[in-house]
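2 protein chains.
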Amino acid sequence: MIKKLDHIAIAVRDLEASARTFQQILGIPPTKVQEVPTEKVRVAFFPFGGAEIELVQGLGPGNPVANFIEKRGEGVHHICLEVDDLEGTLARLAAAGVPLLDRTGKPGACGQVAFLHPRGANGVLIELVQRPT
Amino acid sequence: MIKKLDHIAIAVRDLEASARTFQQILGIPPTKVQEVPTEKVRVAFFPFGGAEIELVQGLGPGNPVANFIEKRGEGVHHICLEVDDLEGTLARLAAAGVPLLDRTGKPGACGQVAFLHPRGANGVLIELVQRPT
Numbered sequence: 312m313i314k315k316l317d318h319i320a321i322a323v324r325d326l327e328a329s330a331r332t333f334q335q336i337l338g339i340p341p342t343k344v345q346e347v348p349t350e351k352v353r354v355a356f357f358p359f360g361g362a363e364i365e366l367v368q369g370l371g372p373g374n375p376v377a378n379f380i381e382k383r384g385e386g387v388h389h390i391c392l393e394v395d396d397l398e399g400t401l402a403r404l405a406a407a408g409v410p411l412l413d414r415t416g417k418p419g420a421c422g423q424v425a426f427l428h429p430r431g432a433n434g435v436l437i438e439l440v441q442r443p444t
Numbered sequence: 312m313i314k315k316l317d318h319i320a321i322a323v324r325d326l327e328a329s330a331r332t333f334q335q336i337l338g339i340p341p342t343k344v345q346e347v348p349t350e351k352v353r354v355a356f357f358p359f360g361g362a363e364i365e366l367v368q369g370l371g372p373g374n375p376v377a378n379f380i381e382k383r384g385e386g387v388h389h390i391c392l393e394v395d396d397l398e399g400t401l402a403r404l405a406a407a408g409v410p411l412l413d414r415t416g417k418p419g420a421c422g423q424v425a426f427l428h429p430r431g432a433n434g435v436l437i438e439l440v441q442r443p444t
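First to last, the protein sequences are chains A and B.
Residues in the first sequence are numbered consecutively from 312, following the numbering used here.
Residues in the second sequence are numbered consecutively from 312, following the numbering used here.
By construction, these hints were calculated from the structure, which means they are not laboratory data.
Since we're looking at a predicted model, the values are computed, not measured.
Cβ coordinates follow ideal geometry from the N, Cα and C atoms, glycine included.
Since no wrong hints were added, every one of them can be taken at face value.
Derived coverage of chain A by chain B (criterion: at least 3 residues anywhere in the stretch with Cβ under 8 Å from a Cβ of chain B; other residues may be distant):
#1 325-339
#2 385-394
#3 402-410
#4 430-443
If we strip away everything but chain A, and leave its shape as in the complex, we get:
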């Protein structure tokens, strides 16, 4: 089952400058700024009202976030939905013919994650996350 909208990730060129921008808009500071070396990104989170805005900056050339900005400019990179049962949800989606980038969960920053293919969701990259209980 889909529980809730977990976060919206925005691809940015300069994490510090963008964090100042969103701090101004949202009126709250980011709770954490961290590097995720396995994904070659740095991220900042703004949690409010049960969901988060995540700013994500690619580290070095050739990572997906830098490629995204190169092609499309800064903007919404993906949206993330929290599920209670990631493997069950992936099985349900695969059976329904929804195109998946990941057939099984993999470790992410906040739990087990998997991505659906944007071509099966009107161009939107959707991440599913099952947070640890």
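Guided by the hints, dock chain B onto chain A, whose structure is given.
Same frame as chain A, now just chain B:
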């Protein structure tokens, strides 16, 4: 104050086909499909976990959603944040130099709304909504 992430709007070419796609992904049907003639759009809402996914299809040529798809393809069109005081928030943002598309609120589908300029938010079109109390 920003209360919560209200909804994510996704620009689509075919509302009915896209609603079937998202019903499959989310596992829930849309609660309503409605036409908003003043904005030349048709919309479908999927509420879950306190936020909504809104699918939006432009009606006829020359509307902003059709123009968006023409330029960028289908995908996330805007994100909407709920505020408790729209005019106060706009005044705070204007004073901070955040570029606004609307200096004051206007009637939207779910309350008074105003848009910030994407160039001041890393390419993301942000709507603010104050829902009626």
